Amino acid sequence: MSTQEWKFTAKDIAAKPDLFLSGHRACAGCGPATVLRLIMKATRGPTIVTQATGCMEIVGSIYPYTSWALPWLHTAFETAAANASGIEAALKIMRKKGKIKDEHVDVIALAGDGGTYDIGLQALSGAVERGHDFLFVLYDNEGYMNTGIQRSSSTPIGASTTTSPAGSVIPGKLEKKKPITDIMLAHGMEYVATATPYYWKDLLSKVRKGLEVDGPAFLHVFSPCPRGWRSEPAKTMEYSKLAVESCVFPLWEAVNGNRQLSTPSKVIALAPQKKKSLKDYLEGQGRFRHLFTPQNNHIVDEIQQATDERWQKLLRQCQTSQP
Amino acid sequence: MAQQQIKQTILAMNGDEAIAYAVKQCDVDVVAAYPITPQTIIVEKFSEYVANGEVQTQYVCTESEHSAITACIAAGATGARTFTASASAGLALMHEMLFVTSGARVPVVLAVANRALSAPLNIHGDHSDSMAERDSGWLHIYAENAQEAYDSIIQAFKIAEDVDVSLPIFIGVDGFTISHTLERVDTLPEDVVRRFIGTRSFPMVLTHEGKTVPFKLDPANPMTMGPNALQNFYYEFKRQQEEGMRNAYKKIQEVNSEYAKLSGRSYGNGLIDPYKLDDAEIAIIVIGSTAGTLKVIVDQLRTEGIKAGILRIRTFRPFPVDEIKNALRNLKAVAVMDKSMSPGGLGAAVFSEVRNALYDAAHRPIIVSYIFGLGGRDSSPNDLRRIYDDLARIAKSGQAEKTVTYFGLRE
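First to last, the sequence lines map onto chains B and Z. In this text, residue positions in the first sequence follow our numbering: the first is 8, and each later residue adds one. In this text, residue positions in the second sequence follow our numbering: the first is 49, and each later residue adds one.
No lab work stands behind these hints: they were computed from the structure. In this text the structure is predicted, and so the values were computed from the model without any measurement. A few of these clues could be false.
Stated by the list, open to error - Simulated DEER-style distance windows between Cβ atoms:
#1 Z/Y282 / B/D315: 15 to 23 Å
#2 B/E182 / Z/Y282: 18 to 26 Å
#3 B/G105 / Z/R243: 27 to 35 Å
#4 B/G293 / Z/Q279: 29 to 37 Å
#5 B/N265 / Z/A99: 47 to 55 Å
#6 B/L192 / Z/A308: 42 to 50 Å
#7 Z/R294 / B/G174: 50 to 58 Å
#8 Z/A99 / B/A17: 31 to 39 Å
#9 B/Q280 / Z/Y282: 55 to 63 Å
#10 Z/S166 / B/T170: 52 to 60 Å
#11 Z/G101 / B/A17: 28 to 36 Å
#12 Z/Q279 / B/P279: 35 to 43 Å
To be verified - Which bits of chain Z does chain B cover? Going by a derived footprint, with three or more residues having C-beta under 8 Å, they are:
#13 95-108
#14 117-125
#15 139-148
#16 229-238
#17 403-409
#18 431-441
To be verified - Below, in silico cross-link-like pairs of lysine-lysine (DSSO-like), each with a Cα-Cα straight-line distance of 27 Å or less:
#19 Z/K93 / B/K108
#20 B/K99 / Z/K355
#21 Z/K380 / B/K106
#22 B/K23 / Z/K259
#23 Z/K380 / B/K99
#24 Z/K93 / B/K103
#25 B/K106 / Z/K450
In this text, a Cβ means the ideal position worked out from N, Cα and C, and glycines have one as well.
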């Protein structure tokens, strides 16, 4: 792939017309809505978008209105990657046969954590194995928010959701978040990266790199959901930042399997005293409120320990993959 | 029938091979499929065409039938001519997406090598799989033999892709009986087939930008496909699908006649295919390959002076109500044979539809149901003759002892 580092500036963003338009019905403070708008700012030419069922699919496509200024397809919940496969296959052969204009068209598949970690995982794995040329963007708000905040396999340990409620016996979700990027890296993908909307330049640059790959690329975007997280709508960007600063969601990219920390996380790696405590990240979120009680305090410590271990592991992975 | 001007090539092919061969001739852009018995020969054969560079087709070997049909929907939405094939559990796994295909008005052609549904596991032929998809909004055509399978695939693209139809279509062939049985198949030259179906055309639609453009994903003309339609619009979308079905009713007949001029072969009027029915007093209504076996029996009964006939329903969706009413107007007793069940219901799919169609007819014969052949159980000509014996008795007495018979079953 191209090794070019894409630098996006605020001026670039302002100059480029929106492709995910205003007027959609997302909630106040919606992280994913910001993510979609930003992603579309990094497109590089003719593009077709396909999207799995979910909040972001619903809010932008209520007939007869649309928020999509580019060709957009939705078929079902588990199908984002299979849609991308079909679109890409069609474009490839029709271009070859001269049935469409002889130009490259980028294909972006969008899905939430439900449509990626859970119901869409098989189709995603299949599409990646087949090597279709598309960028899969996972906007991860850590639960089935569209249907009323149910747990997914992306929901972090300890979080209270409507199907993993914090009760008098069970303190929220007991299981760990599935390591989706490890799964995608295990497919031998050329480009896998993480991003969050607070670090928007990093996000845009990674979208562009993902599009440049001649084959499948995967971008995991952390996207706070005020409704599902029981957090203040005004603090979406703050949580996007805190997740990185507390190393709950470190930023990195892997080109041909070589993982490298991205600047916001590299800063913490070089100056560990800048690493924020997990409490700073958890405290304001209603989904973790029950953890801050005497009987559940140990869970916060356990999550802190697990977060530290994951961070150390990532540091080792990034070191060992130094070119 | 037709002036046989076009030189046809005789090939020995089983039903699956005939289907793959027809798909090859139809210049399909994208084939996305997943293997399942008894459909496998179709995808194997087509993979060979791809491997040998005999087709210009993007073959997507998906990880499931769910993704196979989904990739076809997406490719079709992008403007490609698409084909897939499946059977039994595979078709059942596609269920969710079959409704999406018809709802999104994508003209996918799907060959179903009809097979029983689990449990118990059974790989043999019956109609449980596609009958379970009766209300999925697809056109259903069932072939009687490998020749008709070949011809129907070619016709299918022309029917489904017609802008006034714009609906997906199943071509059903009986698993093993047709899919795996070697037959003589007369084939048209490839250029003739391609001229016959032409290139895909698209309905013109109004986009949010106020432009009237072809209905497909195109960066030059952005369009939101597969939107969310609420209480205020969903119903109108569904009603429009019914309009597509009504148009298909005519289109299937037109294509059947046009194809007859080209090939010398036609299948009734495309919707129903009667055999010695004009003066018949008793008749069997059936779908698929069983009609071929019944012809042998009817010929024999005729030599005995028994006025027996067959009404093969070729098109099950749209259901040919008027044709069936008209075809049965002089009959005394009719048996409807179903190779599927509707547990807890009265008879099965074809029987229910036929009885329903005749409710307001001026003349109604006595109509009884025969469930048969489940899980591929064979019915020999001698067995099947007993149904005509039953019908003769019913016609004479003017009453049926029972409505539903489980034929060829140990009870």
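key: Structure versus earlier hints, numbers of those that do not hold, lowest first   = 1, 2, 3, 5, 6, 8, 10, 11, 12, 16, 17, 18, 19, 20, 21, 23 and 25
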